[in-house]
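K.L.:
Given next are the chains, with one letter for each unit.
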Amino acid sequence: MIIDIIVLSSLGLALVFLLSWAMRSELRARIEKPKYLFQQQLNNFEKYYQRTDEINSQQTDNEVEQHREKL
Amino acid sequence: MSEVFKASRLVTKAATDELVDTPLVYAHSIAALVCVLFAILCGIAISLQFFLPDVLGSWHSMAWGRMRYAHTQGIMLGWLGNAFLAFLYHAVPVLTGRKVFSHNLGRWLFGLWNFVVMLPGWLLVLSGVSQPIEWAEFPLVIDVFVIAALVLAAIQFLPPFFKNGLEDLYVSSWYIIGALVFTLLAYPMGNMIPELVPGAKSAAFTGLWIHDAVGLFVTPLALSILYFIIPAVTGRPIYSHFLSMLGFWGLFFLYPLNGTHHYVFSVIPMAAQLGAIAASALLGVIVIVVVTNLLMSLRGSNMLKKDIGLRFVLVATIFYLIVSVQGALQAQMSLNQVVHFTDWVIGHSHLAMLGFATFAGIGGIVHSWQRIPWARYNAGALAWSFWLLVIGISIMVIDLTIAGLVQAELWQNGSPWYESVQQSRPYWLIRSLSSIPIVAGFILLFYGLCSGEKGAGLTLLAKQRHEDANVQSGSSANATEPSTSPAYFLRMSYRVAASAAIGFFILSIGLLGVWPGMELDRQIAAMSPPDLYTYSESEARGRQIYAREGCAYCHTQQIRFTDADISRFGAPTLAWEGQFDTPHMWGTRRVGPDLSRAGSTRNRDWHLAHLFAPRSVVPWSIMPSYNAFFNGSADQPKQEALDLVDYLESLGRARELAWPDGDETIKSLFPDNKWTQMAVTSPLLNAHPGKSMISGELPDFDSAPLSENGEMLWQTLCAGCHGDDGTGNGPAADWLRPRPANLTQYDYTQQRLADVLWHGVPGTAMPAWRDIPLSGLNALASYVKAFAEEESVAPSGQLQLVTGQRVYQNNCVQCHGDAGDGQGFAVSQLAIAPTDFTKQRPTLGESVRVLNNGIEGSSMAPWTDRLSEPEILAVSYYLRQFYEAEP
Numbered sequence: 000m001i002i003d004i005i006v007l008s009s010l011g012l013a014l015v016f017l018l019s020w021a022m023r024s025e026l027r028a029r030i031e032k033p034k035y036l037f038q039q040q041l042n043n044f045e046k047y048y049q050r051t052d053e054i055n056s057q058q059t060d061n062e063v064e065q066h067r068e069k070l
Numbered sequence: 000m001s002e003v004f005k006a007s008r009l010v011t012k013a014a015t016d017e018l019v020d021t022p023l024v025y026a027h028s029i030a031a032l033v034c035v036l037f038a039i040l041c042g043i044a045i046s047l048q049f050f051l052p053d054v055l056g057s058w059h060s061m062a063w064g065r066m067r068y069a070h071t072q073g074i075m076l077g078w079l080g081n082a083f084l085a086f087l088y089h090a091v092p093v094l095t096g097r098k099v100f101s102h103n104l105g106r107w108l109f110g111l112w113n114f115v116v117m118l119p120g121w122l123l124v125l126s127g128v129s130q131p132i133e134w135a136e137f138p139l140v141i142d143v144f145v146i147a148a149l150v151l152a153a154i155q156f157l158p159p160f161f162k163n164g165l166e167d168l169y170v171s172s173w174y175i176i177g178a179l180v181f182t183l184l185a186y187p188m189g190n191m192i193p194e195l196v197p198g199a200k201s202a203a204f205t206g207l208w209i210h211d212a213v214g215l216f217v218t219p220l221a222l223s224i225l226y227f228i229i230p231a232v233t234g235r236p237i238y239s240h241f242l243s244m245l246g247f248w249g250l251f252f253l254y255p256l257n258g259t260h261h262y263v264f265s266v267i268p269m270a271a272q273l274g275a276i277a278a279s280a281l282l283g284v285i286v287i288v289v290v291t292n293l294l295m296s297l298r299g300s301n302m303l304k305k306d307i308g309l310r311f312v313l314v315a316t317i318f319y320l321i322v323s324v325q326g327a328l329q330a331q332m333s334l335n336q337v338v339h340f341t342d343w344v345i346g347h348s349h350l351a352m353l354g355f356a357t358f359a360g361i362g363g364i365v366h367s368w369q370r371i372p373w374a375r376y377n378a379g380a381l382a383w384s385f386w387l388l389v390i391g392i393s394i395m396v397i398d399l400t401i402a403g404l405v406q407a408e409l410w411q412n413g414s415p416w417y418e419s420v421q422q423s424r425p426y427w428l429i430r431s432l433s434s435i436p437i438v439a440g441f442i443l444l445f446y447g448l449c450s451g452e453k454g455a456g457l458t459l460l461a462k463q464r465h466e467d468a469n470v471q472s473g474s475s476a477n478a479t480e481p482s483t484s485p486a487y488f489l490r491m492s493y494r495v496a497a498s499a500a501i502g503f504f505i506l507s508i509g510l511l512g513v514w515p516g517m518e519l520d521r522q523i524a525a526m527s528p529p530d531l532y533t534y535s536e537s538e539a540r541g542r543q544i545y546a547r548e549g550c551a552y553c554h555t556q557q558i559r560f561t562d563a564d565i566s567r568f569g570a571p572t573l574a575w576e577g578q579f580d581t582p583h584m585w586g587t588r589r590v591g592p593d594l595s596r597a598g599s600t601r602n603r604d605w606h607l608a609h610l611f612a613p614r615s616v617v618p619w620s621i622m623p624s625y626n627a628f629f630n631g632s633a634d635q636p637k638q639e640a641l642d643l644v645d646y647l648e649s650l651g652r653a654r655e656l657a658w659p660d661g662d663e664t665i666k667s668l669f670p671d672n673k674w675t676q677m678a679v680t681s682p683l684l685n686a687h688p689g690k691s692m693i694s695g696e697l698p699d700f701d702s703a704p705l706s707e708n709g710e711m712l713w714q715t716l717c718a719g720c721h722g723d724d725g726t727g728n729g730p731a732a733d734w735l736r737p738r739p740a741n742l743t744q745y746d747y748t749q750q751r752l753a754d755v756l757w758h759g760v761p762g763t764a765m766p767a768w769r770d771i772p773l774s775g776l777n778a779l780a781s782y783v784k785a786f787a788e789e790e791s792v793a794p795s796g797q798l799q800l801v802t803g804q805r806v807y808q809n810n811c812v813q814c815h816g817d818a819g820d821g822q823g824f825a826v827s828q829l830a831i832a833p834t835d836f837t838k839q840r841p842t843l844g845e846s847v848r849v850l851n852n853g854i855e856g857s858s859m860a861p862w863t864d865r866l867s868e869p870e871i872l873a874v875s876y877y878l879r880q881f882y883e884a885e886p
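Line by line, the protein sequences give chains A and B. Residue numbers are given in numbering that gives the first Met the number 0: position 1 of the first sequence equals residue 0, and the series is strictly consecutive. Residue numbers are given in numbering that gives the first Met the number 0: position 688 of the second sequence equals residue 687, and the series is strictly consecutive.
Think of the hints as simulated: they come from the structure by calculation, not from any bench. It is possible that some hints are incorrect.
Part of the chain A face toward chain B, derived, beta carbon under 7 angstroms [as the list claims (entries may be wrong)]:
#: 1; residue: I5
#: 2; residue: V6
#: 3; residue: S9
#: 4; residue: F44
What follows is a list of derived Cβ distance ranges for each label pair [said to hold, decoys possible]:
#: 5; chain 1: A; residue 1: Q39; chain 2: B; residue 2: P52; range: 29 to 37 angstroms
#: 6; chain 1: A; residue 1: I2; chain 2: B; residue 2: L303; range: 38 to 46 angstroms
#: 7; chain 1: A; residue 1: R23; chain 2: B; residue 2: I442; range: 49 to 57 angstroms
#: 8; chain 1: B; residue 1: Q543; chain 2: A; residue 2: Q39; range: 54 to 62 angstroms
#: 9; chain 1: A; residue 1: Q39; chain 2: B; residue 2: L328; range: 37 to 45 angstroms
#: 10; chain 1: B; residue 1: P52; chain 2: A; residue 2: V6; range: 43 to 51 angstroms
#: 11; chain 1: A; residue 1: I2; chain 2: B; residue 2: P704; range: 34 to 42 angstroms
We put the CB at the ideal spot given by N, CA and C, even for glycine.
Same shape as in the complex, but just chain A (with noise of 0.2 angstroms):
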């Protein structure tokens, strides 16, 4: 009895995922949206610290501070 619950359960939840995937395109785009916006996400974070390094070993203290409260 747990077990068949525990399994169809689980299938079940697996299988709604599965068919929403299949057939909606648009939600299959939906869903692997995350990935990218993490992406970009990254990148601009790797970015910011690409300035920052830039600016350090450039500028002056003053102009750091200023560069940060841009940021």
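Using the hints, position chain B against chain A.
P.N.:
Chain B in isolation, oriented as in the chain A frame:
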């Protein structure tokens, strides 16, 4: 260089205003490394004691069990907890584009985690304040602060996610949210409820927690690292966000339902066990999906050669696959009944915590650390650290897995316990040696993060990016926005799934905790005999000592419903037997034998000698010495030793008192329950091969020639008490009453030796050796016979024999019987059976010595105040004639 220093100073100053709170990444990373080094030192100390049990001397705070508690809590909370927190301070702002809640809250959280949880937790368990629950060893007072810290962590890290909305959350964010929420739910359940409910019910909740600790705390946070670092380093999105979410929900649905697979073949209702087994198998499938997705995300990347964090992540992914498939398999009954309690399981847990989770944790730390502009970074040292850790952990896990299989084989075929200990020794040695590359790896990791130039990590990163310019452009090209956006549907589906995950968690507590508890209550009500003895004050104190010293981590107190357990230990443990045990001490591993029926198996002197100097009575034993419980000698026990022995003597008492009538009643109450019938139809309640018996059938002993096997068995089993030369002067002899027999002073018939070896000598420390193969016992008997010294006895006169007969009839016959066969009418009143002179003949000198001095610890008193010297000599002559020498 000066520019880097300038930058680091400025960045430090401004750090709290920046997106990532780098000082807290730094602080938690350092704390993690300090904790892991301490936890591993504890691990090494306990591993060494497997073959050098006295290596730490009598330093009680360093006792095996206490170090074991410090080791596991140090790895889970100290090392992994800090490593994950360090990563979260980096990852949450990157995932959400928002800062964590508060820098000041972070400082409080850091202080709470390390100086209110870890440091006092370690000090308390090392000073004997603990709870004997696997992965929950810190005492309740510390649990309160852990929960407070988890609440602070939720406040610190969750708000940035919720501000962004659910539908665009990346899988790492889901794992972080899931871990923070579910750990907060599971921790109190697993750490506190077992202190409130007894016996099997307590074990059911422990089973839940053991798996929730790994499945709802460690695994989600480790997976969040893998899903974060792979795209961050390769510069490409993961292969499939859909598969990653399928894995995420699968994990949160199924992990909580696995718990009871730690107690397969126990008295916990079989339906709950089967449910856990099914969930374990399904989880294996889910993990394959997760790992496939991760590996597909890594395919074709050339960053593995360049990025050390990614290398750790790749190995973590592979370890995750292996450990999860292994876990799913070992939960299945066919494999579980063989490998459970062996070192296979220890290999499995090390692969999970020191392999998968640790490599993910290091990956997270290295990745985050490299991006701290002012932190030092030494790529060379980190690369060496990686290889040393891979080698060390692989050797350890493979070694323990093989050791487990060796033990499983020996336990299944009924070999004596000492054989599994002896054959495990080389594996235990290799396991300890494997700690050398592991420790070196962690020291190099520490060194790699604290040496090199400041900002070198970012410089290296910039260089890599420059070399691999395509990475950035490629990823940007991939970052496409879907044209249509069924956000409502997705948001709703995630809400449904989140509700389902909570529902599955509650279901797990219901199905694997509460419902089995109710079933067990019904069982106990139906099966428990009335008017059970509870623990006496001394026994209760002894139980506390047993708990605090971690005895349950080597000795189980649950005889499983398997043929191997029944034939080795006796009738399976029923729920009612543990109804006063809060918390339970069922244990999850057997280094020593099960102690469910320890009561009345050994005598008190033996227990005291064994606690004081284990190898004095069991030369092959690896049990640590508990000489701190004594005033310098086994015959001068402190109250702690007496309490502990009282507790040991109480184990199995209730079932023994109820046997066999109680079991007959149960048999008739549950005629159709296969497992109950199995528990009450076992041939022996206590099948311990060392338990002495008054009489019984004997197998066919044969005389055997002297052999090396006999000598080996003598040294292994007997020399501790009887001494190498059989004179009864072994290391433990002075502590045993009566003293071990001086075998040089007796002739024994084959039948007498067979009887003693097979049944032991009740009332004395002489155990039975029924687990030794008959050929071995024959060889041992021959070896014992050979000790007898030739004695030239002057012939006795007729008058002397008549005097001897008169003395015997007047003084000895009550116990030793008319025929000298030890069957006098007073025998039933004696704790130790009188000598049967027809099967055992003392030398004349030995008889005179015994008559003069008596036998301390037995009913045989000195006779010098009632018999004259000639009379003693006469009766000594007389009783020699009873001996019925075999041809």
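K.L.:
Could you tell me which of the hints above the structure violates, numbers in ascending order?
P.N.:
Result: hints 5 and 11 break, sorted rising.
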